[in-house]
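Trainee: So you can see what is in the structure, the chains are spelled out below.
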Amino acid sequence: MTRRAALFVLALTALSLAAPLLAPYDAGLAFRDFLHAPPMRPHLQGFAAPVVHPIVLADRLEQRFEADQTRTIPLPWFGGTSDRPVFLLGADNFGRDVLSRLLYGARTSVGLALFATVGAVLIGAPAGAWAGLRGGWVDDAVMRVADFVLILPVIYVVLVLRAVLPLVLPASTVFLLVAWIFVAVGWPFVAKGVRAIVAAERDREYVLAARSLGAGPARILVHHLIPACSGHLVVQATLLLPGFILAEATLSFVGLGFPDPVASWGTMLAEAGNYNAVARFPWTLAPAVAIFAIVLATNLIASPDDRTS
Amino acid sequence: MGRYLLRRLGFALLLVLVVSSASLLLTRLAPGDITSEQALVLDPASLAKLRTELGLDRPLAVQYASWLAGVVRLDFGRSLLYSRPVSTLIGERALNTAMLASVALVLATVIGLPLGVYSGSRSRGVGRASVRVLSVLALSVPPLIGSLGLVFLAARTGWLPVGGMTSAAGIDQTWAQWLVDLARHLPIPALALALPLAATLERLQSQAIEKATREPFVAASRARGLGHAQALIRHAWPVSLRSVLGLYGIMIGSLFSGSFVVEVITSWPGLGRLMYDALKARDLYLVAGCAASGAFFLAAGTWLADVLLAFADPRVRSQEAR
Numbered sequence: 187m188t189r190r191a192a193l194f195v196l197a198l199t200a201l202s203l204a205a206p207l208l209a210p211y212d213a214g215l216a217f218r219d220f221l222h223a224p225p226m227r228p229h230l231q232g233f234a235a236p237v238v239h240p241i242v243l244a245d246r247l248e249q250r251f252e253a254d255q256t257r258t259i260p261l262p263w264f265g266g267t268s269d270r271p272v273f274l275l276g277a278d279n280f281g282r283d284v285l286s287r288l289l290y291g292a293r294t295s296v297g298l299a300l301f302a303t304v305g306a307v308l309i310g311a312p313a314g315a316w317a318g319l320r321g322g323w324v325d326d327a328v329m330r331v332a333d334f335v336l337i338l339p340v341i342y343v344v345l346v347l348r349a350v351l352p353l354v355l356p357a358s359t360v361f362l363l364v365a366w367i368f369v370a371v372g373w374p375f376v377a378k379g380v381r382a383i384v385a386a387e388r389d390r391e392y393v394l395a396a397r398s399l400g401a402g403p404a405r406i407l408v409h410h411l412i413p414a415c416s417g418h419l420v421v422q423a424t425l426l427l428p429g430f431i432l433a434e435a436t437l438s439f440v441g442l443g444f445p446d447p448v449a450s451w452g453t454m455l456a457e458a459g460n461y462n463a464v465a466r467f468p469w470t471l472a473p474a475v476a477i478f479a480i481v482l483a484t485n486l487i488a489s490p491d492d493r494t495s
Numbered sequence: 066m067g068r069y070l071l072r073r074l075g076f077a078l079l080l081v082l083v084v085s086s087a088s089l090l091l092t093r094l095a096p097g098d099i100t101s102e103q104a105l106v107l108d109p110a111s112l113a114k115l116r117t118e119l120g121l122d123r124p125l126a127v128q129y130a131s132w133l134a135g136v137v138r139l140d141f142g143r144s145l146l147y148s149r150p151v152s153t154l155i156g157e158r159a160l161n162t163a164m165l166a167s168v169a170l171v172l173a174t175v176i177g178l179p180l181g182v183y184s185g186s187r188s189r190g191v192g193r194a195s196v197r198v199l200s201v202l203a204l205s206v207p208p209l210i211g212s213l214g215l216v217f218l219a220a221r222t223g224w225l226p227v228g229g230m231t232s233a234a235g236i237d238q239t240w241a242q243w244l245v246d247l248a249r250h251l252p253i254p255a256l257a258l259a260l261p262l263a264a265t266l267e268r269l270q271s272q273a274i275e276k277a278t279r280e281p282f283v284a285a286s287r288a289r290g291l292g293h294a295q296a297l298i299r300h301a302w303p304v305s306l307r308s309v310l311g312l313y314g315i316m317i318g319s320l321f322s323g324s325f326v327v328e329v330i331t332s333w334p335g336l337g338r339l340m341y342d343a344l345k346a347r348d349l350y351l352v353a354g355c356a357a358s359g360a361f362f363l364a365a366g367t368w369l370a371d372v373l374l375a376f377a378d379p380r381v382r383s384q385e386a387r
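Line order of the protein sequences matches chains F and E. Going by our numbering, the first residue of the first sequence is number 187, and it counts up by one from there. Going by our numbering, the first residue of the second sequence is number 66, and it counts up by one from there.
Heads up, a few of these hints could be off.
Covered by chain E, according to a simulated footprint, are these stretches of chain F (three or more residues, beta-carbon under 8 Å) [stated by the list, open to error]:
1. 276–286
2. 347–359
3. 450–464
Keep in mind that the hints were calculated from the coordinates and are not lab data. Glycine is no exception: its CB is placed at the ideal position from the N, C-alpha and C atoms.
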């Protein structure tokens, strides 16, 4: 399970980095004549590159599009260049390609979640290890704080912390800010487990052997105790990741996350979350499907009663 | 036992105080206040007068002290946004959230537990496999995604109304009509909240009952001539319930955070939406009140779950008596 979880995290990292390579268009590129254009179906023609039929606006008032069956355009990944856009997942209300935004959005949403997860592990693990190794008042203090953060109404805390800061900020500042807020509420999950493991392991023979050979607490921690926690760390990271992705989506959905032009899964859902629009243009819910897929993958990896592995 | 619960209660009260104070102070220290929008149209003199009327020109310490003095008497101040007492506003909205959450909890229990007993008491079969697949799928639908999906389904099919607690047309409805209207608005938000919880319950119940059926006393009851179903329900299930009950305390927390998103998406007039509106308007007393009630419900929920667990499991009682 640890290995599968690590692979999953790696795959997500790759996905979040690959947007510029995979996306057919820039995330902000708007095709004015293709507002809410429906997804196009790719056709295979023997061994040639897959093609789509270009669409034309049939009725601007009804936003009805018709496919031009007589013409074809090859997909952009197969060297197709055309003056007509290709929307495999349709277009949003500004005529931006949903697929491109989904990929660039992964960079923002998954990237943010990865950043926050790494942060939570980097802060939670040493804090928990320190508490477990030292014991006494350090242990008490760290664990009290962790317990306190754990029983806070997380969603309210995140909302308050985000809302009291200026709303209009550059995207990179928002990224760091939100990531740090997530780290602040996420580290106790890591710390508690690490503390329990370190407290249980510190009296084992191999630690005693290391200590009698003259190893200091730092060396014992880094060389012996942190490796003992690696399984827990990977599992916790796998569980925190989808939580943070959802938290970003929630924040951006209610307008407290990234500003609108930034492609993130939350801002995309915010545009889709209108009752009328959702019924008519279901392809704008693509980020919801992506989030579902990630949570599903996490559940399959982390399911404790899996007998096949 | 009693002392333990009392200590927990004291901790919960402290939590409520700290959370509400922190959110009040943070909101006060944040740039902008409730008059920020009027500031664009008002001249400086009347703006200053407005701020004096609202008590916003006082120094932070004075403002906080007067608020705290009220809180001790359970007076949470007046909302600047709605010009009504915070406690009245919260009372109304908390009722709506409580209704949504309890319906979701009941729904999750009614769906999750029987399916868990079913899938856990069977070693193979199509039924068990399909329950497991369904539960992993439902587990992967967090309230944000679930409510978007259900709203899409409802808007597309027109089966259920979307948005709000009742229809806007229902101003002069009779009591019965209002109830029917409410019952038609409730399923979408409640189901969005309940789905992942039902799946969690199903998984846990399934594992618990699987373990319980292997206990010797179940075999003994079978040997005495009890049927499979009777042995399962009368003997194995009560024992398995112990670990399931422990989950309810954790579920209160996820119900709470889940209900915020669901309320925003389906326009359910609950506590989460109130908090959101208050934050946006920088209505600091309302923010503090919402945060306080949020912390209170969370603490009360986990406390209640602990009490339940203490009654259900003698081991917890003896442990805490130490």
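Trainee: Each hint should be assessed against the structure and marked as holding or not.
Mentor: Evaluated hints:
Coverage of the segment 276–286 of chain F by chain E is violated. Counting CB-CB distances below 8 Å, 0 residues qualify, and the rule asks for three or more. Residue count for the segment 347–359 of chain F with a Cβ under 8 Å from a Cβ of chain E: 5. That meets the three needed, and the coverage hint holds. A count of 6 residues in the segment 450–464 of chain F with a Cβ less than 8 Å from any Cβ of chain E is obtained; the coverage claim is therefore met, three being the minimum.
Checked against the numbered hints above, the structure violates only hint 1.
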